[in-house]
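Protein chains: 6
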Amino acid sequence: MMSKVVTLGEIMLRLSTPGYDRFVQAESFDAIYGGGEANVAVSLANYGHEAYYVTKLPKHEIGQAAVNALRKYGVDTSYIVRGGDRVGIYYSETGASARPSKVIYDRANSAIAMAEPSEFDFDKVFEGAKWFHTSGITPAISENGAKITKAAMIAAKKAGATVSIDLNYRKKLWTPAQAQKVMTDLMQYVDVCIGNEEDASLCLGFTPEGLDVTKGSLDAAAYETIFKQMKEKFGLTHVVSTLRESYSASDNGWSAVIYDGKEFYHSREYELRIVDRVGGGDSFAAGLISAMLDGKGSKEALEFAVAASALKHTVKGDFNLMSKEEVQTLVDGDASGRVQR
Amino acid sequence: MMSKVVTLGEIMLRLSTPGYDRFVQAESFDAIYGGGEANVAVSLANYGHEAYYVTKLPKHEIGQAAVNALRKYGVDTSYIVRGGDRVGIYYSETGASARPSKVIYDRANSAIAMAEPSEFDFDKVFEGAKWFHTSGITPAISENGAKITKAAMIAAKKAGATVSIDLNYRKKLWTPAQAQKVMTDLMQYVDVCIGNEEDASLCLGFTPEGLDVTKGSLDAAAYETIFKQMKEKFGLTHVVSTLRESYSASDNGWSAVIYDGKEFYHSREYELRIVDRVGGGDSFAAGLISAMLDGKGSKEALEFAVAASALKHTVKGDFNLMSKEEVQTLVDGDASGRVQR
Amino acid sequence: MMSKVVTLGEIMLRLSTPGYDRFVQAESFDAIYGGGEANVAVSLANYGHEAYYVTKLPKHEIGQAAVNALRKYGVDTSYIVRGGDRVGIYYSETGASARPSKVIYDRANSAIAMAEPSEFDFDKVFEGAKWFHTSGITPAISENGAKITKAAMIAAKKAGATVSIDLNYRKKLWTPAQAQKVMTDLMQYVDVCIGNEEDASLCLGFTPEGLDVTKGSLDAAAYETIFKQMKEKFGLTHVVSTLRESYSASDNGWSAVIYDGKEFYHSREYELRIVDRVGGGDSFAAGLISAMLDGKGSKEALEFAVAASALKHTVKGDFNLMSKEEVQTLVDGDASGRVQR
Amino acid sequence: MMSKVVTLGEIMLRLSTPGYDRFVQAESFDAIYGGGEANVAVSLANYGHEAYYVTKLPKHEIGQAAVNALRKYGVDTSYIVRGGDRVGIYYSETGASARPSKVIYDRANSAIAMAEPSEFDFDKVFEGAKWFHTSGITPAISENGAKITKAAMIAAKKAGATVSIDLNYRKKLWTPAQAQKVMTDLMQYVDVCIGNEEDASLCLGFTPEGLDVTKGSLDAAAYETIFKQMKEKFGLTHVVSTLRESYSASDNGWSAVIYDGKEFYHSREYELRIVDRVGGGDSFAAGLISAMLDGKGSKEALEFAVAASALKHTVKGDFNLMSKEEVQTLVDGDASGRVQR
Amino acid sequence: MMSKVVTLGEIMLRLSTPGYDRFVQAESFDAIYGGGEANVAVSLANYGHEAYYVTKLPKHEIGQAAVNALRKYGVDTSYIVRGGDRVGIYYSETGASARPSKVIYDRANSAIAMAEPSEFDFDKVFEGAKWFHTSGITPAISENGAKITKAAMIAAKKAGATVSIDLNYRKKLWTPAQAQKVMTDLMQYVDVCIGNEEDASLCLGFTPEGLDVTKGSLDAAAYETIFKQMKEKFGLTHVVSTLRESYSASDNGWSAVIYDGKEFYHSREYELRIVDRVGGGDSFAAGLISAMLDGKGSKEALEFAVAASALKHTVKGDFNLMSKEEVQTLVDGDASGRVQR
Amino acid sequence: MMSKVVTLGEIMLRLSTPGYDRFVQAESFDAIYGGGEANVAVSLANYGHEAYYVTKLPKHEIGQAAVNALRKYGVDTSYIVRGGDRVGIYYSETGASARPSKVIYDRANSAIAMAEPSEFDFDKVFEGAKWFHTSGITPAISENGAKITKAAMIAAKKAGATVSIDLNYRKKLWTPAQAQKVMTDLMQYVDVCIGNEEDASLCLGFTPEGLDVTKGSLDAAAYETIFKQMKEKFGLTHVVSTLRESYSASDNGWSAVIYDGKEFYHSREYELRIVDRVGGGDSFAAGLISAMLDGKGSKEALEFAVAASALKHTVKGDFNLMSKEEVQTLVDGDASGRVQR
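Residue numbers (the numbering used here), protein chains in the order written: chain A, 2 to 342; chain F, 2 to 342; chain P, 2 to 342; chain L, 2 to 342; chain Z, 2 to 342; chain S, 2 to 342.
If we strip away everything but chain A, and leave its shape as in the complex, we get (with noise of 0.2 Å):
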């Protein structure tokens, strides 16, 4: 089943030091073009979906390699706007063991944080729409990022697309006031919520009891309540968290739960062995939607996402790079690495 969705945000060059090493060591970077939308754009392409992602773009040959990048795994790019001088970068280098990894941003003025609503038209961008997910970061760039996102929620809502959303917090963009206000505000839009414990206090102002992220110990029950109070303020359908569980860079538990209105869901765990971690919650979005859309029920859907998004930290780049086959083997239960010959 495929169908049309829409994905919205910002499209990075990220400069990775090869391997493990660090900055000061970088006598190259490798060039990653990505961002949340744009990996959730290219796994639901690779599910064989007609994923459609949303930016501008400089017309220069970097602006051109990002679409490029999107383009070899089928994304759409008709409907990325051209124009403006940069695209955003991020520096990062992959930790190991103890050493956490690093990313420093230099993503101010970029093209689609300079980009006005009015260069896009959504009510076309939207037709025929069955799905469209953005996150928080796009709304956090820019006052007009803010706009963009919103005028696009509208148009989706109005084409009758089920709107998505990953809150992902960003400290270096935003302040919790200022995210509070432009989030709040973008929730009534919003069918699908996507965002960890942290996420729904700094973006919503949420802050329940019993959880602490830093310590690399979760309590997948203790997201119930909050859910439910999610779900009432803002009118979801779903709202949705993987659960991440840092014993260190090179390895983690990973799981996810939901709730859905009637039950509250804790998905099987994951212990992961970590290539890159990168683009991780995207892949588990894409992984969401696709299920979703596929018509799977809220269980079968969060454990499709979070085999998904368990295999995507052992691929190197923003992307996930698996097929739908690939992530329901999984699902059904083969993870003895074995070959496939």
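Take these hints with a grain of salt, some might be off.
In silico negatives: residues of chain L with every beta carbon more than 10 Å from chain F [what the hints assert, rightly or not]:
hint, residue
1, Glu-62
2, Asn-145
3, Lys-159
4, Met-188
5, Ala-223
6, Glu-246
7, Gly-334
Under the rule of at most 25 Å between Cα atoms (straight-line distance), these lysine to aspartate or glutamate pairs were calculated in the DMTMM-like manner [what the hints assert, rightly or not]:
hint, chain 1, residue 1, chain 2, residue 2
8, L, Lys-103, F, Asp-86
9, Z, Lys-182, Z, Glu-128
10, L, Lys-317, S, Glu-117
11, F, Lys-317, P, Glu-128
12, S, Lys-173, Z, Asp-335
No lab work stands behind these hints, which were simulated from the structure alone. Backbone N, C-alpha and C fix where the C-beta goes; we use that ideal spot for every residue, glycine too.
We have chain A; now place chains F, P, L, Z and S onto it with these hints.
Okay, now just chains F, P, L, Z and S, sitting in the frame of chain A:
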């Protein structure tokens, strides 16, 4: 003690994606020449034996590169027939955590698969040979492959060499019915048979209960019955199998069992952090052959073979580039990984 | 607080095979300049100290590259004497799982091993210095090496600097008898002595019971007795040792013990997933020195040193490229490896 | 002006040794997907045309990677049939100075060579198409290849598209007799024919005097007679050839000639310092087609095509990654290579 | 003879595609820190001068990496102010043959462009300085950049240092009108002015006839008139320009002219096979400054500068990693390129 | 025609900077095993001769890697003595344009330099040998080296082999006086002498006029007189020299002269675009030996040798990886560099 050992089979070009890259990410492939019996030959040469490898390879430079890969590690390539069109290929990507390694074959119509038995002078090849080793892959690649294998086995037995086979069932190459017809015939010449339950079932028609390799958990004891049956039916001197516990693509348990007509023995078990598992089984076969040629008993030989193959999982490429001394150090108990200065 | 610290020793060219490649596979070597005391100097510069490194290096470009490697990280190289013929070399390959890392030395006749004590103006070198650190390697490389070390120690004491030594017994360089003769003499100038049981036994002739480093399991308590004896015999202020539990070449346990005349203390233990363990001990020494210079007590200093060296195991190359803040974060308890944005 | 252009052919995996390495030196191969007509399609997409590529490719990841390589550069791959077993391969090493580049083919039994004409819906493919381009390679790979080519040409003519062919004789694929039989039949549908003297002779049976491509010196004038004969015999609108003067593998002279029924014209000549000459001819064809679609006259079109292909020789890989503006700048005379800031 | 030399400017991160790859092909970028005046500083340090570089760089690791790049080659970085958000970036691809090199700037809002003059203590910086060098780029990046440059020039003159400038007009940064306003003011402090005809025209408003740099052919003589005018108008001691004949992106002719108030002199011309032309002009300036500081006359200094910069074109990266002796060998006539053993 | 040929010398580890990197830029070194006579042996094996290489190499893995490098290309290494401590090293960087290539030696005390003549059983080595080749480097590395060379020559003559020497004066290893003493003695066993004017002067004391190799321009004719004198004095059958015209490090002219007692002959001249010039002279010697063993006359042999070595300059590494057919194609006149499909 240096003995002439002959191995026969197909050496292929393995096109391996760098690091953990998926096929669709690869901008280059590592070029690794290897193949079951060739891998055995290299190990035997490393252990100080006079190792000969027999196959057919094209005269062009890709064929030559395969020859050179063997010569580099001291394998005698003077019995290799040159001619034919292509070197068989397989593409491989290395899995991690819950993502399995993956292999795509492109091996049809290789020079050895198209070769005629008459192209090989097996009487000369086996002059003075103490051991002949091959696998169930060669007879599977083509009817000629089966004929060549049989001709080699007959000549080997005539020359007084011990004959060993690694069953290695490959479902892409033949059906169980085809395999059983050919392999049952070949088994009359075999002294030492290596193969797990799956191989025994698919190649030879033995279908014991209580074993399920897909579960990633193995019951060594269950092998005892089947090994006794195999020994009896085919007049084998030794029946052997490795036991892999696939926790994930990154971590495996690794041990082996042997039955020598008197005793059934289960080796020490190693916990492996995997660098490259291709050729793991071949390094086991080579360790076993070398230890037996060196006059070791069943248990000692098995422990040498298991230690050798545990070490192989830490070496990139198909070949197990370990010396006899290095393997022995591990057999003797030092698995601490402390720096050897 | 920025203090002048002087280190003295040999910086070598480490020719390291890429990834986990064995020596015979290497088509290239990573070129890494490092050496015990140089590694300490780089760490101290990273922590904001005024770090000077003293050695002799050839005038040619390989000697220059060694100088540049130090300058890059802020070490003052103005006391380095230039001349002689060669930079000492060692080849290294990185082990994994049950396969140990391996080192082949080619360090004889290096510029520093052939240098004369008279080439160094140690009065000038130690002017204003707060600390002098060296290791048991420099006196082992040649008779001149021993003389130079002694001359430096005398000058350091004269200038009022604290003197520390990392015993670091190297069996390829001298016998226990030779070591004990030289080292016992040098110990009269030492304040802080770092060394494990093996070093204490081979360099200094202490042979306690209950310790066996080859087992990969360590009894911290057994160190207490030997430390007290050492302190007494040599008039040390602190006796210190790291404790490595070698589960395999990939995974180690890591902690340390200190005795300051009053108390014997065993630090927190870290579970390490190893990227590069070369320089692990040096990063510990540097952490200890820095913390002591910063006025921390024995326990605090030890915890800083252990955390620093735990982090080093995740950094490729000999140098520990961590800031004081990064080490402190780990000391303060965040080992979750969560991304630092 | 954006026109629908269809190209048909085989896209192969080129396994190219790094730098100037010989095959026997290669520890890895650069993985480059390309092929005559696919290269043309990419250029046309770069120039802003609606470029479609038609072929058959396996469903597995190597087939997918070939699709992705085209999508990345904006080629529409929706007409590509998926199925079959293998992607054709060729190995290539890059020559230098007096050492020629070398190619080893392993392309037999590829998916497109085994495809049936009935698998393609050419009426749909050519709906609205303005141009169809293919080469003499596709009909040479198999009888089915010839049938598919003919079916495509008939459909293209029916749809009113201009048909161009690049003769591209391949001696490893067929004999001159076979070529002439097939190609003479196909020429009835061709409007624009590209091919040098060797192609004209071997594919079409024209054997003029005064031309010897092995000499590396070319007499443009001698082409005039043969072009007139070709135009007359096959009713062509344009006959075109590139003229390569091979001084060495590193340096070539490069120009072209065209005859449009009225005038015979020899282009400007470029002196090339070669980075990668694979795809040079294809980039010429693409330049010619683009310029003709843009309404340029014979001379102008030829100059655009020559400049485009002169630039291709500086780009690694098969594809000519130049924009229309970049080519035009060279046509307009700036060959100074001054930095474009 | 070792003199204190100060340079001031912006050091950027150059993200350079590997080999001759185009931007859209790059899977990684070589990370090269460099910039006009920083390049001059490195050359001067290589020649044995006490070279100081003044700029502002962020405290984060990318800023630190820029500092380290300078320290590695012996530049004193203690006057660098730390703070601000970003290191300016430019992307570069290396041209070949008829394809020009290409640069995409992303340098707006860098730390130095946003810096205040008050952040620099120029009196301290120029204490004992013999020479100050900067370029026309720094005043162009921002109004503050212009103010900082002026403040530095005034302090330099006050301290008795010779002041040199490399005009380096950058059309992306300002208009000729803006440039002339700022630069004409700055010229009152300048002693030695380096700049070609284009710079003289666009920065200073001199528009002589008979010079056309886009033609790639240069008439040295035509420079004489304009140099005399410049000297007169601005009270310069020396007016200098390099002369590049751009045959192609791969091959250039390279020489220079100087006017010292008495004589106009045209240097020897070198034929360059280019490895990396970035920093060519900077290496020329550095050669000139070094030779003048060493007391050479105009002709000798020019020949040293031209030889130095001819050699730079063979060195990858921005920095000219040549010693004084190596440059002198070329000045003395050995351009045979015979191996130096 | 396959003849047993023995070569004797030192194989070293060449640590070569990547691309055109300078030593101080290198983060890694390409690891290339090679050396004058070893390079000759590889060429001879490539041409189908039975090539034996004699040297001494350490038992450790670096020694083994040198053995493997030879075995890979078919050289028989069974006469290599194993023992000693180190493999000689040299660092190399590749020049370009006016920048010369540079070499730093670190070869003292290598296993072969420390070997005793008694370690080699030369009677066995030369059993059935048709040719013995060595160079003036081996006798220069140590007194033992000279003794070993002499012992080998005596045994070779005794066995009826032709003896050739490549004079190859190395100023870092000995003075002209030392060289002349040793070499004059060795010349009594030599039949074929290869060496340019510089070698003849420094090794043998011949000092003709009219030759200046530093000028990069060579007068072939001037060689005639000196060759006649050499032939007479030492009873040589052939005197041979290559003639290199060093236009720059990137481009050379390349030809050779031979005198066979009857005729003086100057070969065809090649214009070389250089990839790697190391081993150029060795590939010439190998071409000459192979052609003479194949029964070619002086002129034909010289042309084969010159063509072979012209091709070597295009191959990375020390070894000339060309087949007899590839060399012959160039001898026969095809230097067009057209792709070989």
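Each hint, compared with the structure:
The Cβ of Glu-62 (chain L) does not lie farther than 10 Å from every Cβ of chain F; its closest approach is about 4 Å, which violates its non-interface assignment. For Asn-145 (chain L), the shortest C-beta to C-beta distance to chain F comes to about 18 Å, beyond the 10 Å cut-off, and the non-interface label holds. The Cβ of Lys-159 (chain L) sits about 37 Å from the closest Cβ of chain F, beyond the 10 Å cut-off, so the non-interface label holds. A cut-off of 10 Å between C-beta atoms confirms that Met-188 (chain L) is not in contact with chain F; the least separation is 31 Å.
Non-interface status of Ala-223 (chain L) relative to chain F is upheld: no Cβ of that chain comes within 10 Å, the nearest being about 35 Å off. The Cβ of Glu-246 (chain L) sits about 28 Å from the closest Cβ of chain F, beyond the 10 Å cut-off, so the non-interface label holds. No beta-carbon of chain F is positioned within 10 Å of the beta-carbon of Gly-334 (chain L); the least distance is around 35 Å. About 16 Å separates the Cα atoms of Lys-103 (chain L) and Asp-86 (chain F), which keeps this hinted pair within 25 Å; it holds.
Pair hint Lys-182 (chain Z) plus Glu-128 (chain Z) does not hold up; C-alpha atoms about 29 Å apart against a cutoff of 25 Å. A threshold of 25 Å between alpha carbons decides the hint, and for Lys-317 (chain L) with Glu-117 (chain S) the separation of about 52 Å lies outside it, so the pair is violated. Between Lys-317 (chain F) and Glu-128 (chain P) the CA atoms are separated by roughly 52 Å; this puts the pair beyond 25 Å, and the hint is violated. Among the hinted pairs, Lys-173 (chain S) with Asp-335 (chain Z) is consistent with the structure: their alpha-carbon atoms are about 20 Å apart, no more than 25 Å.
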